[in-house]
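Enquirer: Chain by chain, the residues run as shown.
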Amino acid sequence: MRDQFQSPIVLLGARLLSPYIMVFGWYVIFHGHYSPGGGFQGGALLAASLLLIRVAGGSKLAELQIQEFATTPLAVIGVVIYFATGLVAMIMGGYFLDYAQLPIPGMEADWLRYTGILIIEVGIGLAVMAILVMIYDNMARGEDYG
Amino acid sequence: MGDFFMGHYAYWFTIILLCIGLYGILFKKNLIKKTIGLAILQISVVLYFVSVASKTGDATVTVIDANFPVDQVANYLNPLPHTLMLTAIVVGVATLGVAFTLLIAIYNRFNTLDEKELIDKFQ
Amino acid sequence: MVLFAGIMIYAASDLPYRGDPDNLMHAEESITGTTVMGNYFIKNAYRDARTPNMVTVVLGDYRSIDTFGEQVVIYTAGLITLLVLRRSRRRSE
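Order-wise, the sequence lines are chains A, B and C. Read the first sequence against our numbering and you will find it ends at 146, with the numbers running on by one and no gaps. Read the second sequence against our numbering and you will find it ends at 123, with the numbers running on by one and no gaps. Read the third sequence against our numbering and you will find it ends at 93, with the numbers running on by one and no gaps.
Just chain A, with the same shape it has in the complex (with noise of 0.2 Å):
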């Protein structure tokens, strides 16, 4: 962001607004197994309330949420939780991503798939968080550099 003004009265209104929606970002998140919702919309969510405070008060201040090397290890978080998933599921004797054989203990069938599904569904959302912010950053940099 080159040109870049300095207005209190949106700055004061985005940092008002942005944990709210952040809470309700992993409140999709977690509540996607009883209502609408789930990985894709919550980490869509966490990314707005992200993105809210980069575009209100410019990359100065985005520097103390999230920094910009961060979001790239936080995308492969998300992505190596989901592979991670699968792959337990593997070696512990089932197909990929057979959540029925995940090694939590005292659990039936049907159980351990609602917390592998879970599991996953936190994964999206980091993956999803972490590279939506990550495009912004990308332009807002490549944009400055021309």
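Please note that a few of the clues may not be correct.
Quick list of in silico lysine to aspartate or glutamate cross-link-like pairs, DMTMM-like style, CA-CA up to 20 Å [claimed, not checked]:
1. C:Lys43 to A:Asp110
2. B:Lys34 to B:Glu117
3. C:Lys43 to B:Asp71
4. C:Lys43 to C:Asp22
5. C:Lys43 to C:Glu29
6. B:Lys34 to B:Glu115
7. C:Lys43 to B:Glu115
8. C:Lys43 to B:Asp65
9. B:Lys29 to B:Asp114
Simulated DEER-style distance windows between Cβ atoms [what the hints assert, rightly or not]:
10. C:Met8 to B:Lys116: 27 to 37 Å
11. A:Val23 to C:Met8: 16 to 26 Å
12. C:Val73 to B:Lys33: 48 to 58 Å
13. C:Thr34 to B:Asp3: 27 to 37 Å
14. A:Leu61 to B:Asp3: 56 to 66 Å
Hints listed in this document are in silico derivations from the structure and should not be mistaken for laboratory results. Every residue gets a Cβ at the ideal spot worked out from N, C-alpha and C, and that includes glycine.
With the hints as your guide, set chains B and C onto chain A.
Expert: Just chains B and C now, with coordinates in the frame of chain A:
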């Protein structure tokens, strides 16, 4: 005739939206406008699939309710097109991100986004 | 373009009525005798995964490998933005 109209008007609207998007892709000269046409075309396909998935009558959304027993299939909408379109929307966002990235790279190098000027600068 | 729209609308008149529950897509068996997946998901989603939201079950359980590939696709898109724009920055400096 009225029955036929009520059964098909959703398809007609999605077809009109698809033609608007295709017109934008084919005939507009600005690359940003072409990308907007691409987005409109994606949205038309998503709307078509969601409209196909609907059922009239007692059908509700695809979250299981105790008042609607599962073994009667007509109680719920078809969940498969909704899932496919959920993934299609996210892939659409990703492709739009890549498209705008390439547009920024083109603009950084050639300082224009007009198609004719770009072809002139290539030669 | 208007001709194309006319052809498409004419072809759409052959589609089944929107929202008809007796549609082939919502039927129990397809015309070749195999089970149609939509009804299978409606009937067995809660029994298999104890999750009331069927879309989540289809996304996370039945079609999970598809979702994994799709997540790799958006990850690749993010990497493309990083590679293309960082490289153009270095050239300009």
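Enquirer: It remains to establish, for every hint, whether it holds in the given structure.
Expert: Hints versus structure:
For the proposed pair lysine 43 (chain C) and aspartate 110 (chain A), the alpha carbon gap of about 15 Å is at most 20 Å, so the pair holds. A C-alpha spacing of about 15 Å is found between lysine 34 (chain B) and glutamate 117 (chain B), which places the hinted pair at or below 20 Å, so the restraint holds. Taken as a hint, the lysine 43 (chain C) and aspartate 71 (chain B) pair is honoured in the structure, with Cα atoms around 6 Å apart against an allowance of 20 Å. As the CA atoms of lysine 43 (chain C) and aspartate 22 (chain C) are separated by approximately 17 Å, the hinted pair is consistent with the 20 Å bound.
Taking the CA atoms of lysine 43 (chain C) and glutamate 29 (chain C), the gap is about 14 Å. The hint holds against a cut of 20 Å. The suggested pairing of lysine 34 (chain B) with glutamate 115 (chain B) holds, with an alpha-carbon distance near 10 Å, which does not exceed 20 Å. Proximity of lysine 43 (chain C) to glutamate 115 (chain B) is assessed by CA-CA distance (about 53 Å); at most 20 Å being required, the pair is judged violated. Annotation: proposed proximity of lysine 43 (chain C) to aspartate 65 (chain B) holds, straight-line Cα distance about 13 Å (limit 20 Å).
Restraint check: the Cα-Cα separation between lysine 29 (chain B) and aspartate 114 (chain B) comes to about 6 Å, which is no more than 20 Å; the hinted pair holds. For the pair methionine 8 (chain C) and lysine 116 (chain B), the beta carbons lie near 30 Å from each other, so the given range of 27 to 37 Å is met. As the Cβ distance of valine 23 (chain A) to methionine 8 (chain C) is approximately 45 Å, the hint placing it in 16 to 26 Å is violated. Between valine 73 (chain C) and lysine 33 (chain B) the CB atoms are about 25 Å apart, so this pair departs from the stated range of 48 to 58 Å.
Hint check: threonine 34 (chain C) to aspartate 3 (chain B), Cβ distance near 31 Å, so the stated range 27 to 37 Å holds. In this structure the hint that leucine 61 (chain A) and aspartate 3 (chain B) lie 56 to 66 Å apart at CB holds, the actual value being about 59 Å.
When each numbered hint is compared with the structure, violations occur for hints 7, 11 and 12.
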